[in-house]
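Taking the hints into account, I'd like the entire structure generated from these sequences.
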Amino acid sequence: MTAIKTLHILNKSPDHPRAAKCLEMVSREDGLLLIGGGVLFLAAAKLPDAGKLFALSPDADARGLGHLTGNASAVDFNGMVALSLQAQRVISW
Amino acid sequence: MTAIKTLHILNKSPDHPRAAKCLEMVSREDGLLLIGGGVLFLAAAKLPDAGKLFALSPDADARGLGHLTGNASAVDFNGMVALSLQAQRVISW
Amino acid sequence: MSTLIMIDQPPYGAWTGREALDMAFSLAAFDQPASLLFTGAGVNWLRQAQEAGGIGQKSVEKNLSAAPIFGIEAILADRSACNTYGLDENSLIEGVTLVDADAVLLTNYDHTAFAG
Amino acid sequence: MSTLIMIDQPPYGAWTGREALDMAFSLAAFDQPASLLFTGAGVNWLRQAQEAGGIGQKSVEKNLSAAPIFGIEAILADRSACNTYGLDENSLIEGVTLVDADAVLLTNYDHTAFAG
Amino acid sequence: MAETASVTFTLVITGAPYSSQAPQTALGFAQAAVDAGHRIDRVFLYGDGVHLASALCAPPSDETNWSEAWSQFLADHSVPGVACIASALRRGLVNETEQKRYELPAANLRAPFEIAGLGEWVEGRIKSTRTLYFHAGD
Amino acid sequence: MAETASVTFTLVITGAPYSSQAPQTALGFAQAAVDAGHRIDRVFLYGDGVHLASALCAPPSDETNWSEAWSQFLADHSVPGVACIASALRRGLVNETEQKRYELPAANLRAPFEIAGLGEWVEGRIKSTRTLYFHAGD
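As you go down the protein sequences, you meet chains H, B, S, W, D and G in turn. Using this note's numbering, the letters of the first sequence correspond one by one to residues 1 to 93. Using this note's numbering, the letters of the second sequence correspond one by one to residues 1001 to 1093. Using this note's numbering, the letters of the third sequence correspond one by one to residues 2001 to 2116. Using this note's numbering, the letters of the fourth sequence correspond one by one to residues 3001 to 3116. Using this note's numbering, the letters of the fifth sequence correspond one by one to residues 4001 to 4138. Using this note's numbering, the letters of the sixth sequence correspond one by one to residues 5001 to 5138.
Simulated from the structure, these hints should not be mistaken for laboratory data. One should not assume that every hint holds.
[To be verified] Derived DSSO-like pairs: lysine-lysine, alpha-carbon spacing no greater than 30 Å straight-line: (1) B:Lys-1046 with H:Lys-46; (2) B:Lys-1005 with B:Lys-1052; (3) D:Lys-4127 with B:Lys-1052; (4) H:Lys-46 with S:Lys-2062; (5) H:Lys-5 with G:Lys-5127; (6) H:Lys-52 with H:Lys-5; (7) W:Lys-3058 with G:Lys-5100; (8) D:Lys-4100 with G:Lys-5127; (9) H:Lys-46 with S:Lys-2058; (10) B:Lys-1005 with W:Lys-3062; (11) H:Lys-52 with G:Lys-5127; (12) D:Lys-4100 with S:Lys-2058; (13) D:Lys-4127 with B:Lys-1005; (14) B:Lys-1046 with W:Lys-3062; (15) H:Lys-5 with H:Lys-46; (16) B:Lys-1046 with B:Lys-1005.
Predicted, not measured: the structure shown is a model, and the values here were computed from it.
Structure representation (structure tokens):
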């Protein structure tokens, strides 16, 4: 099982100021789960390099980005639940 | 009476992506009226240089910036009404 | 009396985009010329192959494809925002015109509005 | 079990900041350690001499001054955001500690939350 | 510029009270417009703005009740206040007609606000000297 | 990691349906948590999230009614759903008790949602294995 210190759940697009702050505060020991508008990072040139990168697949599919997961792992809601328990802490941005 | 082609009314702080787009689309013949969170441009280093710059005084006062109008003219609601009629068009961002 | 409706929020996360579309359709229904301009993260409305069933919503792609039928004059997209989000001829839906969203563009419209 | 409540929206334009404050006060009322961190445009909460009568609201400065009485452990502000908005020792309200809002800071708290 | 007597405004409010400053700013503007002798042709509530038409808001007694303040203004100056029907039905704002049609347990629209379609906005846009939008900020 | 049987979640929803995706994402998460054998300790609605507890939403018939879907989930799994009283009163969400107290013309809270204070959130925070927040996005 993957070791994740803090799981950061980001539902804001790259344009949103809170997204920039989130990326500033993620460490290499953390996980970053992109949901909602956050999955648009998969399309933007500036894909964040968190320790571990995940994207919620129904949200990526809705935005036409299901195939574009790059170095992000696709997870469904079951995976999101599992990640939230694997991590020591969860922050929803 | 001041000639204003388009009056841009901006109520978003400098951090908001719509604020950046607004400043991109203002021309030198236009007026920019800062209201709500938009008055925080009066505190930020990057004060926009629109043709004519205005700030709604009750909003500036609320945010502790009533004295800081710099090259912006303070207007009250009566002034806002007058500006909206002087301009040929109004865009609320 | 032509109107430009601007959409700068991405699809699905908020309702303002759909409500902006309704504004444009409503103008067209009353024979008022209307165009749509997508800027910022809003250009993500225009990506091909959106599958929104998994989040319990209808695809906005389908909504948008009704635009010409309703009489919307043009679907415009900000070129630089499309670049930012990796959108090009191959990934954009049909019928989109790339433009530079600047002060000059605005002078073509009597009225410009956001839905929220 | 200490909690960090983050505020990144400016005052008066939205209600989330006030609701974030209520969350922190509520934790303190139940003897749970709580601190506030202001980042981005949220640092504008901390400016002296806010006069909100003209917009029909109560000054948030007054709300914030109750923080120590309610038992809030610390009022933190992101140093770089304060620079952006021209906030320094002379213009900040009393009792604010400047910090670098980074990954290290977060490790001091068991729980970090926004109000919206 | 048009003659003062013939100047009319359509105001569109898209931000909800207590979530945004939009209804407050719009009221400040509307009051100043009326004081200057202009007419408010109509106020159109769209998107989250429809919450301004709620009859059930009960803010703390030391805060302004913006729904009440706006209905008072509309009544005092005989200004029509219209909530967009599509926005209102999604967000749980209904009058007695819609309550019956959708078999809902109550109605919560505050008089004199009414419910109607986007056509009201289009008409205001065409007829008024200026149409101004009051959006949620940040 | 805690034993599966003892894992509990508190979910806080701060985004409104139709304005944000927050209630939908939270429901997907809640369903998956229950499917995995975990327990939802409580759902707390805060800020604009209180609109999820409205009994008066009537979205178009081809769109999901998220208030209805959530109340069904709460009932099916005996999960308490609590709307913050301060957020609810400001935004016009009231049960019959508050209707009487504030002399309002109607009540619009959908069962089984209840109205209570932030103490419910604090308690959930302390007792649950994880507390997750579902905010409005963009």
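(request) Could you work out which earlier hints the structure fails to respect and list their numbers in ascending sequence? (result) Going through the list in order, the structure violates hints 8 and 10 and respects the others.
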